[in-house]
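> Take a look at the letters that make up each chain.
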Amino acid sequence: MVRIELKRRKLLKGAVLVAGAALAGYQIGRLRSPGDPFPGVGPEPDTLVFTRREAALLEHIGRAILPSGAPWPSLRDAEVVQRLDEELLFTDDHTRSEFSLALRGVENLPLLYGYFDRFQHLALDDQRAVMERAEQTRSELIRAATNGVRMAINLVYFGHSATWSAIQYDGPFAQLPQHLSQQRTFYRSLQQEAQP
Amino acid sequence: MKPGIHEQQDLQTLHAYTTQVCIIGSGCGGATLAQQLAKKGLDVVVLERGGYYPPEKMDQNELNMQGKLYGGRGLDTTSDGGNTLLYGNNVGGASVHYWADSYRTPQYKLDEWQEQYGVRNHQTRDLEPAFDALEREISIHEAPDSLFNPLNQRFRQASQSLGWHGHRVPQARTHCQKSGHCMQGCIYGAKQDQTVTHLPDAIEHGARVFADSRAESLSFEGRRAKRLRVSLMDRKSNRPSGQEYTVEADVFVVAAGGFSSSHFLLRQGLGDDLPALGRHFSMNPSTMVYGLFEEDMRQWRNIPAAWGVDEFLQRQEDEGRYREGGYLLMPNQIHPGALAATLPLKGEQLGEWMAQFPQLAGTIAWMDDIPEELGEIRMRRDGGRQVHYPYGALTRQVLKDSVAKQLEMLFAMGARKAVISGHQAMMFNSMDDMAQLDDLATGGGGLIMASPHPGGGCRMGDDPAQSVVGSDHRVHGYDNLFVSDSSVFPTSSALDPSLSIMAFSHMAANHVLETFS
Ligand SMILES: Cc1cc2nc3c(=O)[nH]c(=O)nc-3n(C[C@H](O)[C@H](O)[C@H](O)COP(=O)(O)OP(=O)(O)OC[C@H]3O[C@@H](n4cnc5c(N)ncnc54)[C@H](O)[C@@H]3O)c2cc1C
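Heads up: the sequence lines are chains B and V, in that order.
Here the working numbering is used: position 49 in the first sequence is 49, and no number is missing along the way.
In the working numbering, each number is its position in the second sequence, counted from 1, plus 196.
Derived by calculation from the structure, the hints in this document are not laboratory data.
Some clues are possibly wrong.
Listed next, with one range per pair, are the computed distances between beta-carbon atoms [as the list claims (entries may be wrong)]:
no., chain 1, residue 1, chain 2, residue 2, range
1, B, Asp117, V, Asp659, 36 to 46 Å
2, B, Ala123, V, Gln545, 14 to 24 Å
3, B, Thr185, V, Gly237, 35 to 45 Å
4, V, Glu710, B, Glu193, 50 to 60 Å
5, V, Asp307, B, Asp46, 55 to 65 Å
6, V, Glu252, B, Ala123, 26 to 36 Å
Treat the numbers as computed from the prediction; the structure is a model and nothing was measured.
From the three backbone atoms N, C-alpha and C, an ideal C-beta is built for every residue, glycine too.
Make a model of the complete structure from these sequences and hints.
Listed below in structure tokens is the structure:
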């Protein structure tokens, strides 16, 4: 009983901290509007689910947790944001909002660790330091947020054929061409429709 | 409408359909039941929420196939985010992307279910004819040497050198091409999933399968379910198309899978009279550990698991205190996206490991859920499903022990380093580093796991206060509403459940037939 109570209190404390951080982060973050966070590395992803801010944040998180330099393709070559956007379009509203919450959690993590800015405004080294700190957390909420985002990014980055030569993966056994599902085709058509 | 599989475009003009038996779900549970009933001459329709993906629509691409076959596109988790829920939303259900390990229900489980939960007529003598028939029908046989990839070979050798008892995994395949794409769907039709076994057989005997058809709500008259409202799904958007039809049937059977059957019944409001509905949920939480080897393992080719270690299958205690065990150990097969997702590493370290993908390989432990610490399927306020499974104290001990044994196994196999699939990037260079396990977080999200073996939620038993269906698979309080999948298991089936599910469907078929006699 005591243990359960303690755990609840800890969780509650975590929730309050994250909520407080979110509020503070919002105040700071809203002073700046996102531009292309990584100009010159290919066109900015064109998203249907993610807001521009979320897409930019995802790229920042990806840059902080994925390997970089040769032989690794860039996030944009591996279409990380684009593919996650597509996957989430076909999930239910709950999964989408959970992912969005997780993103917000990571965005505001720096405030818990003594930085006075949100994740996407930190220098790369600081972003990496925040992710390292998060790894030591005992909060289930922080674990859920960081695991959720990290796992999704890794899944689509290494699931993309652009990374396969770097990892010596020979791809589909029969070397079949891609057979796009109706959903994949539909996503593309929606994207085209959304083009100005 | 002729017997066969009918998809969205074929069902556009359907408004009402009448049949003898309506089965919700086309996986191992539903398809096997459909086959059994159709063979006895009953008119059967199987409703399947997802699409139909025959080999010509498969491409062995990890992400593409995950999108086509996996429910929630493989992104669903338990409420604490720590456990990825793997299940199928497609004709054939999870069997289309399962590994095809095919075990009979262990005797000690059948005894436990009988003695502790009051399950009747599901003992070895009752199930044996079903097991015998199914093993013949779906070509279950022990994995021969030719199906051992380097990882499986090492795993077998190491288990033998450690003195850990193991066995060749019984598996359902013919003419395997060793592609290693079991989890992406078998384009060779070698894996004996439901789309190449029970569904065609059921169709040959007159059954109809309506794909893209999501069962929504049942209407009742007294103790009888009368009519089912069905949403026709729009395949391209994965949303209801707005078009609906109804099915009237003499008997309705829920076979929507361990993650969905209890949720479906909760949505019908049955939770008020059946307090056990959704409770006693099991999922074989599965810890994973990865190692880096000198040699190529190429774990992603050939079949996933040819050798299993059952040394620790049953939990051992010393004077009432947990000592070890409570899980089955196996080699793990995993393509690069999912593997990277479950590695705890970041940045350069992640790159270093992934760059050695051919030498990177791991193991998995399928934990037999602790009966006193099971999870629960709940209905969210918006009607959606929540899988709630906080790990109890004993569960955490078992999980930690399973990780320790996997590390021991990987080093015995010759791994240079090892990491645990989890939140913390603990690096193990040898068995000397095992003390780190003291700091391993085993609570929600500490370990990253996958759960493809859901069970429970519609527990079988006599008492409506403690269970949901009787030993005849009939929902307590209803004359013509049955459940036929792993959700009726009182506790986890310990081993991979598909063969148990199919055998239980044979039993369910007998009881459904009785209602017509
Ligand atoms: C990756 C993976 C590997 C596995 N490997 C093995 C293995 O090697 N050996 C083993 O024994 N088991 C394995 N399993 C587990 C096994 O595949 C499942 O336990 C089994 O196939 C479940 O069968 P089922 O009929 O109970 O449910 P499911 O296969 O989940 O079928 C239920 C069906 O019902 C449909 N449905 C749900 N709700 C509705 C609704 N409202 N209306 C209409 N349709 C609905 C779903 O779309 C689904 O197709 C594996 C599972 C996965 C995911």
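> Each hint should be assessed against the structure and marked as holding or not.
Going through the hints against the structure:
At about 58 Å, the beta-carbon gap between Asp117(B) and Asp659(V) misses the expected band of 36 to 46 Å. Against the hinted window of 14 to 24 Å, the Cβ-Cβ separation of Ala123(B) and Gln545(V) comes to about 20 Å, which satisfies the hint. Distance hint check: the CB atoms of Thr185(B) and Gly237(V) are about 42 Å apart, consistent with the given range 35 to 45 Å. At roughly 55 Å, the beta-carbon separation of Glu710(V) and Glu193(B) lies within the given 50 to 60 Å, and the hint holds.
One distance hint, 55 to 65 Å for the beta-carbon pair Asp307(V) and Asp46(B), holds here, with the actual separation near 59 Å. At roughly 50 Å, the beta-carbon separation of Glu252(V) and Ala123(B) lies outside the given 26 to 36 Å, and the hint is violated.
Hints 1 and 6 from the earlier list are contradicted by this structure; the remaining hints agree with it.
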